[in-house]
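Here the structure of chain A is known, so what remains is to put chain B in place on it, guided by the hints.
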Amino acid sequence: MTTPVSVEARSARKDYGTGDEGVRALDDVSVRIEKGEFFTLLGPSGCGKTTLLRLIAGFETPTAGQILLEGRDITEDPPNRRPVNTVFQSYALFPHLSVARNIGFGLEMLGRTRADVKRATEKMLTLVQLEEFASRKPQQLSGGQQQRVALARALAPEPEVLLLDEPLSALDLKLRKEMQRELKRLQTETGITFIFVTHDQEEALTMSDRIAVMRSGRILQVGSPRDIYNHPVDRFVADFIGETNFLSGTAEGAQVRLTSGDLVSAPLNGRHGEITLAVRPEQIRLCASGEPGSLRATIADTVYFGTDTHCHVALNDGTEIVARLQSPPSGDVGLVQGAAVGLRFEPDAVQVLGD
Amino acid sequence: MPTAEDKASARNARTVWLLSAPALVLLILAASGPLLIVLVYSFLTPGEYGNVEWAFSTKAWVGILYSRDIFDGTWKLADAHLTIFWRSVKLSLYTTLFAFIAGFPTAWFIATRGPRARTALLFLITIPFWTNLLVRTFAINQIIRNEGVLNTLLLWLGVIDTPLAIIYTDFAVFLGMTYVYLPLMVLPLFASIDRFDMRLLEAGYDLYASRWQVLRRIVVPVVKPGIIAGSILVFIPSLGAYVTPRILGGGRNMMIGNFIDLQFGAGRNWPLGASLSMTLLLIVAVALVFYVRFANRESRHG
Chain A
2 MTTPVSVEAR SARKDYGTGD EGVRALDDVS VRIEKGEFFT LLGPSGCGKT TLLRLIAGFE
62 TPTAGQILLE GRDITEDPPN RRPVNTVFQS YALFPHLSVA RNIGFGLEML GRTRADVKRA
122 TEKMLTLVQL EEFASRKPQQ LSGGQQQRVA LARALAPEPE VLLLDEPLSA LDLKLRKEMQ
182 RELKRLQTET GITFIFVTHD QEEALTMSDR IAVMRSGRIL QVGSPRDIYN HPVDRFVADF
242 IGETNFLSGT AEGAQVRLTS GDLVSAPLNG RHGEITLAVR PEQIRLCASG EPGSLRATIA
302 DTVYFGTDTH CHVALNDGTE IVARLQSPPS GDVGLVQGAA VGLRFEPDAV QVLGD
Chain B
64 MPTAEDKASA RNARTVWLLS APALVLLILA ASGPLLIVLV YSFLTPGEYG NVEWAFSTKA
124 WVGILYSRDI FDGTWKLADA HLTIFWRSVK LSLYTTLFAF IAGFPTAWFI ATRGPRARTA
184 LLFLITIPFW TNLLVRTFAI NQIIRNEGVL NTLLLWLGVI DTPLAIIYTD FAVFLGMTYV
244 YLPLMVLPLF ASIDRFDMRL LEAGYDLYAS RWQVLRRIVV PVVKPGIIAG SILVFIPSLG
304 AYVTPRILGG GRNMMIGNFI DLQFGAGRNW PLGASLSMTL LLIVAVALVF YVRFANRESR
364 HG
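Protein chains in written order, with this note's numbering: chain A, 2 to 356; chain B, 64 to 365.
The following block holds chain A by itself, in its conformation from the complex:
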């Protein structure tokens, strides 16, 4: 371990309610988040990602396990004694305070001098480009501006860790893209550890240094965006991160015999028996039918998406596969329904999934 650990969860468990009605929101989750990294907790709603964030923030205490900050056990510390700040999904800005007073609130509570608070507030206002809005009330700002105030407010006390609970989900697409880059910039500039919660896989892939994919209160996989996208551990991760085609078959030496009867090479590493393969739609090429080494298929449908055209093709046994082709300048890929085509997978495109 070269980089020092910022936040660590050790077998953190969280149960809500007891007995039969009880729900285990987090199931013995252990994870180490490095200092200064942009770490994302990704998963569908109810996967426990927000619960884990709330344990780190201190709004909840774990049923079992520990939360450590820079090696110190903070499991029992209340939120106001943790050098950790949160950007809330709803922003939760104080409606009775001006933008400047909102941003200065944390420092004021920490007992900083008036001059200190003023200096830090001004610095933050510049950082999020809201200088001219300092005396406005939060409700007089647009959603994107409120978002930036929430960010500035959480960053102003210079926390060790910044927690972000789906902060971009209320913004429209264009603004969201803009804020994604802004967040990344702020993280690089301040060097603060960011822990970001989202259910949007694209957001996770574009911003994170590392991603933890969660499901049903457990972490399934931790890794860099490339790692997770290209080497998903199981069907759930592969399906959740981007679109994927699943192919089932049986191992035959170093190859896999698909249910359609076609033979495909895959990095089996000695696995045998029933095998599930995953292939990303953009790593599939179409070629002439019957070309050696290609899979036989027929065109079921084509859907135009602008830059891409999605080609739904069916294998011999009816297995449907989606191939993503770049749309030609004419906009028409020139494939008619029912046409026979061949399928090729790019080198290393085929992934073998765990159970």
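For the record, the hints were derived by calculation from the structure and aren't laboratory data. Certain hints may be false.
[Said to hold, decoys possible] The following residues of chain B were derived to be distant from chain A, with all beta-carbon distances above 12 Å:
| # | residue |
| --- | --- |
| 1 | 67 |
| 2 | 87 |
| 3 | 139 |
| 4 | 189 |
| 5 | 199 |
| 6 | 306 |
[What the hints assert, rightly or not] Stretch-level coverage of chain B by chain A, calculated; a stretch enters the list once three of its residues show a Cβ under 8 Å from a Cβ in chain A:
| # | stretch |
| --- | --- |
| 7 | 260-266 |
| 8 | 270-279 |
[To be verified] As a list, the in silico DSSO-like pairs of lysine-lysine whose alpha-carbon atoms are at most 30 Å apart:
| # | chain 1 | residue 1 | chain 2 | residue 2 |
| --- | --- | --- | --- | --- |
| 9 | A | 119 | B | 287 |
| 10 | B | 287 | A | 138 |
| 11 | A | 185 | A | 119 |
| 12 | A | 124 | A | 36 |
| 13 | A | 36 | A | 119 |
| 14 | A | 36 | A | 185 |
All figures in this text were calculated on a predicted structure; none of them were measured in a lab. Idealized CB from N, CA, C, for every residue including glycine.
Quick look at chain B alone, frame taken from chain A:
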């Protein structure tokens, strides 16, 4: 030359006035009328057996603060009147303050319950409104009088050996008014707390505020409209309270309301009663202006 458009808008304006005429007439007659009568009466001379004589006099206004010595006929500051004013203001302020202290946690508790419990609790709060004020006040009387429930119980338990003299004191009046007006504090507070975004509490804790700081710096400023509304709703009727001081304060601990009543009854001095009523109105108006100013200033700077 008036254009067709001008004529149309003139006709339109006339229609608007005609349509609002019933409301305006009612307002003038019902709101300003009685007030005007009271104002006129305050400048007249008292009649022999009540009522007024139509002779202009400012004696009633002087009489608010001064009274004529029956022996040497000189005007002296009326200590008794000032005592009554002071008692009214003091008891109303105490009532408002204590109704807030008791009402705030109550309203908070109700607002943070589930939908079913909250309906039931609000129902309980409103029940007293359906009961006659007189009955409720006599119920308090039954509890605190010398042979009442409280004293009997305390005597029986051996906590005291002589009954506590609560009834017919200022404290009894304060107790009764707090009980009677408490719902008027709880309801606007509830409405305000119900709209309060509880996530702000977490935001406050997260930004290093202690529980006390969260309450003082976030909760109180945000729910302030409810606090002000509740305080006004309690303070104003307390100031003019009549039944409660009469029943729980006995004859001695008069408030303005009883004093006014006295002028129209046994005192047979209607003009003084009228000028006292106007003074009460004035105090309330000043209090309201003060409240509104206070509220606005805070929210502007906040």
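Structure-based check of each hint:
The non-interface label for residue 67 (chain B) is consistent with chain A: the shortest C-beta to C-beta separation is roughly 43 Å, beyond 12 Å. The claim that residue 87 (chain B) lies off the interface holds: its Cβ sits roughly 37 Å from the closest Cβ of chain A, which is beyond the 12 Å cut-off. With a least CB separation of 51 Å from chain A, residue 139 (chain B) remains clear of the 12 Å interface cut-off, as annotated. The beta carbon of residue 189 (chain B) is kept farther than 12 Å from every beta carbon of chain A, the shortest such distance being approximately 29 Å.
Once the 12 Å rule is applied to beta carbons, residue 199 (chain B) is consistent with being away from chain A; the minimum gap is 37 Å. The non-interface label for residue 306 (chain B) is consistent with chain A: the shortest C-beta to C-beta separation is roughly 39 Å, beyond 12 Å. By the rule of at least three residues with a Cβ nearer than 8 Å to a Cβ of chain A, the coverage given for the stretch 260-266 of chain B holds, with 5 such residues. Evaluation of the coverage hint for the stretch 270-279 of chain B: fulfilled, as 5 residues show C-beta separations to chain A shorter than 8 Å, against a requirement of three.
For the proposed pair residue 119 (chain A) and residue 287 (chain B), the alpha carbon gap of about 26 Å is at most 30 Å, so the pair holds. A distance of roughly 17 Å separates the Cα atoms of residue 287 (chain B) and residue 138 (chain A); the hinted pair therefore holds under the 30 Å criterion. Between residue 185 (chain A) and residue 119 (chain A) the CA atoms are separated by roughly 25 Å; this keeps the pair inside 30 Å, and the hint holds. As the CA atoms of residue 124 (chain A) and residue 36 (chain A) are separated by approximately 23 Å, the hinted pair is consistent with the 30 Å bound.
Distance restraint check for residue 36 (chain A) and residue 119 (chain A): the Cα-Cα separation of roughly 28 Å lies within the 30 Å cut-off, and the hinted pair is therefore satisfied. For the hint linking residue 36 (chain A) to residue 185 (chain A), the alpha-carbon distance of about 15 Å falls within 30 Å, and the restraint holds.
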